[in-house]
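Peer 1: Sequence:
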Amino acid sequence: MTNEDKGTSLSSLLGPRASCLVHRSSLLVKEGLVNFHETLIKVRFNEVDAYKIAWHGHYVAWMEVGRNDLAGRFGLDAVQIADSGYLAPVVALELKFIRPARFGEELRVRTTLRRTETATLEFACDIFGEEGKLSASGRTVHALTDRDGVLQYALPQVIAERLQGLMAFLGV
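So the sequence shown is numbered by full-length UniProt numbering: it starts at 1 and just counts up by one.
The set of hints was computed from the structure by calculation and includes no laboratory data. Worth double-checking, as some hints may not be accurate.
[Claimed, not checked] Derived DEER-like restraints, expressed as beta-carbon distance ranges:
1. 99 with 158: 15 to 25 angstroms
2. 92 with 167: 16 to 26 angstroms
3. 91 with 167: 19 to 29 angstroms
4. 103 with 149: 33 to 43 angstroms
5. 102 with 148: 21 to 31 angstroms
6. 56 with 160: 27 to 37 angstroms
All values reported here derive from a predicted model rather than from experimental measurement. For glycine and all other residues, C-beta sits at the position ideal for the given N, C-alpha and C.
Please model the complete structure; the sequences and the hints are all you need to start from.
Peer 2: See the structure below:
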């Protein structure tokens with residue numbers, strides 16, 4: 001049973017908090033054999049710490065923005081998955097910092113999906129700063145559960161169908 005069947009969608013429960021308030025634009029990019037999604041984010045003043053660089057926790061948020069921008073185009077962002085009756089909590093997160101981002105800098109968040117053999121979603125993300133210099137690189141792994149938290153061992157059909165379109169675009 002989906003949330004729609006229950007008469008309540010996650011987006012209606014979250015209201016305006018369901019949308020991200022980050023100045024950004026996004027596009028799907030095909031570059032040779034590598035396909036990815038690119039989200040542009042400008043580092044805001046409130047994201048800079050006492051060292052005058054972006055606070056490390058914001059990189060995780062920027063990865064999430066990129067991931068949801070890509071997944072949302074194929075019906076697989078967090079709200080869309082929940083509205084289908086499933087959840088995709090993060091079960092693993094890796095992030096390597098390479099160079100700091102600074103106030104006013106425009107970042108390019110490149111996101112792609114890696115193929116997995118299990119009922120999980122694995123997103124890889126690179127964050128580039130000025131002059132195309134890599135600032136951070138990471139990945140998230142999401143397990144699929146039903147609304148009650150029961151782990152799914154096979155991809156639910158509705159998720160598998162949406163995932164097929166995303167993987168076809170990315171060429172994975």
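Peer 1: Within 15 to 25 angstroms or not, the Cβ separation of residue 99 and residue 158?
Peer 2: 40 angstroms Cβ-Cβ, so the 15 to 25 angstroms window is violated.
Peer 1: Is it true that residue 56 and residue 160 lie within 27 to 37 angstroms of each other by Cβ?
Peer 2: Given about 35 angstroms between the Cβ atoms, the range holds.
Peer 1: Evaluate the given range 33 to 43 angstroms for the C-beta pair formed by residue 103 and residue 149.
Peer 2: holds (40 angstroms)
Peer 1: Within 16 to 26 angstroms or not, the Cβ separation of residue 92 and residue 167?
Peer 2: holds (20 angstroms)
Peer 1: That 21 to 31 angstroms hint for residue 102 and residue 148 (C-beta), does it hold up?
Peer 2: Violated, at about 44 angstroms.
Peer 1: Should the hint that residue 91 and residue 167 are 19 to 29 angstroms apart at their CB atoms be regarded as holding?
Peer 2: Cβ of residue 91 to Cβ of residue 167: about 20 angstroms, so the range 19 to 29 angstroms holds.
The structure shown violates the earlier hints numbered 1, 5.
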